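J.: Residue numbers (this note's numbering), protein chains in the order written: chain A, 2 to 75; chain B, 24 to 190; chain C, 4 to 245.
Incorrect hints may appear among the rest.
As the list claims (entries may be wrong) - With a straight-line Cα cutoff of 25 Å, these simulated DSS-like cross-link-like pairs (lysine-lysine) come out:
hint, chain 1, residue 1, chain 2, residue 2
1, B, LYS163, B, LYS173
2, B, LYS120, B, LYS130
3, C, LYS191, A, LYS8
4, B, LYS147, B, LYS168
5, A, LYS46, C, LYS191
6, B, LYS172, B, LYS147
7, B, LYS173, B, LYS147
8, B, LYS103, B, LYS92
9, B, LYS57, C, LYS74
As the list claims (entries may be wrong) - Only part of the chain A face toward chain C is listed, based on derived beta-carbon distances under 7 Å:
hint, residue
10, PHE33
11, LEU34
12, ALA37
13, TYR52
14, ILE53
15, ALA56
16, LEU63
17, LEU66
Note that these hints are calculated values from the structure, not bench results. The structure displayed is predicted, hence computed values, not measured ones. Even for Gly, the Cβ is constructed at its ideal location relative to N, Cα and C.
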Amino acid sequence: MDAEAAKLIGAGLACSALIGAGIGIGNIFGSFLQGALRNPAAADKERGFVYIGFALAEATGLFGLLIALLLLFR
Amino acid sequence: MPQFDPTTFSPQIIWLIITFGILYLVMARSALPKVGNILQEREIRIAEDLEQAEKLREESRAVEAAYEKALADARAEAGKVLNDARAEITADIDAQKAALDARLAEKTGAAQAEIKAAIETALKELETVAQDACAAIVVKLIGNKADGKKVAAAVHNATENANAGNG
Amino acid sequence: MEHSPLEQFEIKRLIEIPIAGLDAAFTNSSTFMVIIVLSVWFFVSFGMRRASLVPGRWQSLVEMSYEFIAKMLHDSAGPQARAFFPFVFSLFMFVLFANLIGMIPYTFTVTSHIAVTFALAGFIFVGVTVFGFARNGAGYLRLLAPAGIPAVMLPLLVVIELISYFIRPITLSVRLFANMMAGHTILKVIAGFVVPLGIFGFGPVFFLIALTGLEVIVAVLQAFVFSVLTCIYINDAIHPSH
Numbered sequence: 002m003d004a005e006a007a008k009l010i011g012a013g014l015a016c017s018a019l020i021g022a023g024i025g026i027g028n029i030f031g032s033f034l035q036g037a038l039r040n041p042a043a044a045d046k047e048r049g050f051v052y053i054g055f056a057l058a059e060a061t062g063l064f065g066l067l068i069a070l071l072l073l074f075r
Numbered sequence: 024m025p026q027f028d029p030t031t032f033s034p035q036i037i038w039l040i041i042t043f044g045i046l047y048l049v050m051a052r053s054a055l056p057k058v059g060n061i062l063q064e065r066e067i068r069i070a071e072d073l074e075q076a077e078k079l080r081e082e083s084r085a086v087e088a089a090y091e092k093a094l095a096d097a098r099a100e101a102g103k104v105l106n107d108a109r110a111e112i113t114a115d116i117d118a119q120k121a122a123l124d125a126r127l128a129e130k131t132g133a134a135q136a137e138i139k140a141a142i143e144t145a146l147k148e149l150e151t152v153a154q155d156a157c158a159a160i161v162v163k164l165i166g167n168k169a170d171g172k173k174v175a176a177a178v179h180n181a182t183e184n185a186n187a188g189n190g
Numbered sequence: 004m005e006h007s008p009l010e011q012f013e014i015k016r017l018i019e020i021p022i023a024g025l026d027a028a029f030t031n032s033s034t035f036m037v038i039i040v041l042s043v044w045f046f047v048s049f050g051m052r053r054a055s056l057v058p059g060r061w062q063s064l065v066e067m068s069y070e071f072i073a074k075m076l077h078d079s080a081g082p083q084a085r086a087f088f089p090f091v092f093s094l095f096m097f098v099l100f101a102n103l104i105g106m107i108p109y110t111f112t113v114t115s116h117i118a119v120t121f122a123l124a125g126f127i128f129v130g131v132t133v134f135g136f137a138r139n140g141a142g143y144l145r146l147l148a149p150a151g152i153p154a155v156m157l158p159l160l161v162v163i164e165l166i167s168y169f170i171r172p173i174t175l176s177v178r179l180f181a182n183m184m185a186g187h188t189i190l191k192v193i194a195g196f197v198v199p200l201g202i203f204g205f206g207p208v209f210f211l212i213a214l215t216g217l218e219v220i221v222a223v224l225q226a227f228v229f230s231v232l233t234c235i236y237i238n239d240a241i242h243p244s245h
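Extracted from the complex, chain A is given alone in its bound form (with noise of 0.2 Å):
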């Protein structure tokens, strides 16, 4: 195989980490509706943790994405 079709193979393999991400993403704001449907007094308290932990998510399927990049623009 030709090593630019590898590299190409493998940005794409090292995107995929950000299905992960959009779970994780999708998990969390979906759990604080879910919290906060239940208990609308107590969601303004946790808003700060939900973009944390978005934030925190989205970071981890960006490290795959900078790999892919690395492999794509190195």
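Add chains B and C to chain A, keeping to what the hints say.
T.: Chains B and C in isolation, oriented as in the chain A frame:
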């Protein structure tokens, strides 16, 4: 990728240290204490104002209590005055009524005595008149003069009997 | 590729300044660092130029950011962390302004370079570690051994905690760097679709607008997360036994 070019690391890090150091010094020395002072000042001011308001409220509450007390006192005073006046008037009325009653009783007594006397006088006179009439009737019937004393006794007896019969 | 999406991250040397054998060239990155510092200084000191008891709009904005960071530090690290407030405030403002200024077209995003974020994270890591040992002595090592763990598990756990402790500066710096870089790269890649699609180029344009909004949110969020995690590390140094 330009990010992984090691020749760019040293200028970036050196300038980061310079700029961030300046930012930190400016923030820590002059800018942030100013903000903190203002916030603290405002907090103190608000606390003072709240205290002042609390004090004023206490004062107004005391004034209100004093007013309530004065009102209650006045009300009690008025009640007392009213009661006194009522008692006085009642006593007055009672006294006057008693006096009036006494006077009326006296007058009634006098009138009754007068009436009794009048009745007695009238009865005595009636007896005299009856004796006279009786003597005259005797004279007419038998032609001679009746003994005055006997007539008087007879009339007296008759009157007594009539009275007993009536009574 | 003619126009690489990574072209925007190119460091351009503007003035060569060699100091004692070190390369301290004034680059476009340095220009924007200076702009960031000036903007933060302008934001804070012009907001407070008439420091009045009843704040105007700008002043309340400055006070809001002050109280926001003070509350964040207090909530996550307790009242003893008060001494770190100027540092956390400068850090948050620096990263926030770097991210937001980077969102303006044709500007340079300082935080999209691993060297900058790693220098910040490394400084935080070293500072927190030194402070932790200075404050607690050897007691700082309790951080690695959570209380109430069976003795059999302890060696394994210490190793895991040790790795997670030393990986901190890497995750802290790579998180910010990757977010900034990926966001800008994706914007550039999608912008590259607009012209070749001709009349259908409107699709990517609308997507770009939505994505720019998301990137602004991410810029604020990453500055927030960066400083929250710093607060948490400071908390670990103050209270090592969890």
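J.: Take the hints in turn and mark each one as holding or not.
T.: Outcome of the hint check:
no.	hint	verdict
1	LYS163/B to LYS173/B	holds (17 Å)
2	LYS120/B to LYS130/B	holds (15 Å)
3	LYS191/C to LYS8/A	holds (21 Å)
4	LYS147/B to LYS168/B	holds (23 Å)
5	LYS46/A to LYS191/C	violated (37 Å)
6	LYS172/B to LYS147/B	holds (16 Å)
7	LYS173/B to LYS147/B	holds (17 Å)
8	LYS103/B to LYS92/B	holds (16 Å)
9	LYS57/B to LYS74/C	holds (18 Å)
10	PHE33	violated (15 Å)
11	LEU34	violated (18 Å)
12	ALA37	violated (19 Å)
13	TYR52	holds (6 Å)
14	ILE53	holds (6 Å)
15	ALA56	holds (4 Å)
16	LEU63	holds (4 Å)
17	LEU66	holds (5 Å)
Hint check: violations occur at hints 5, 10, 11 and 12; the rest are consistent with the structure.
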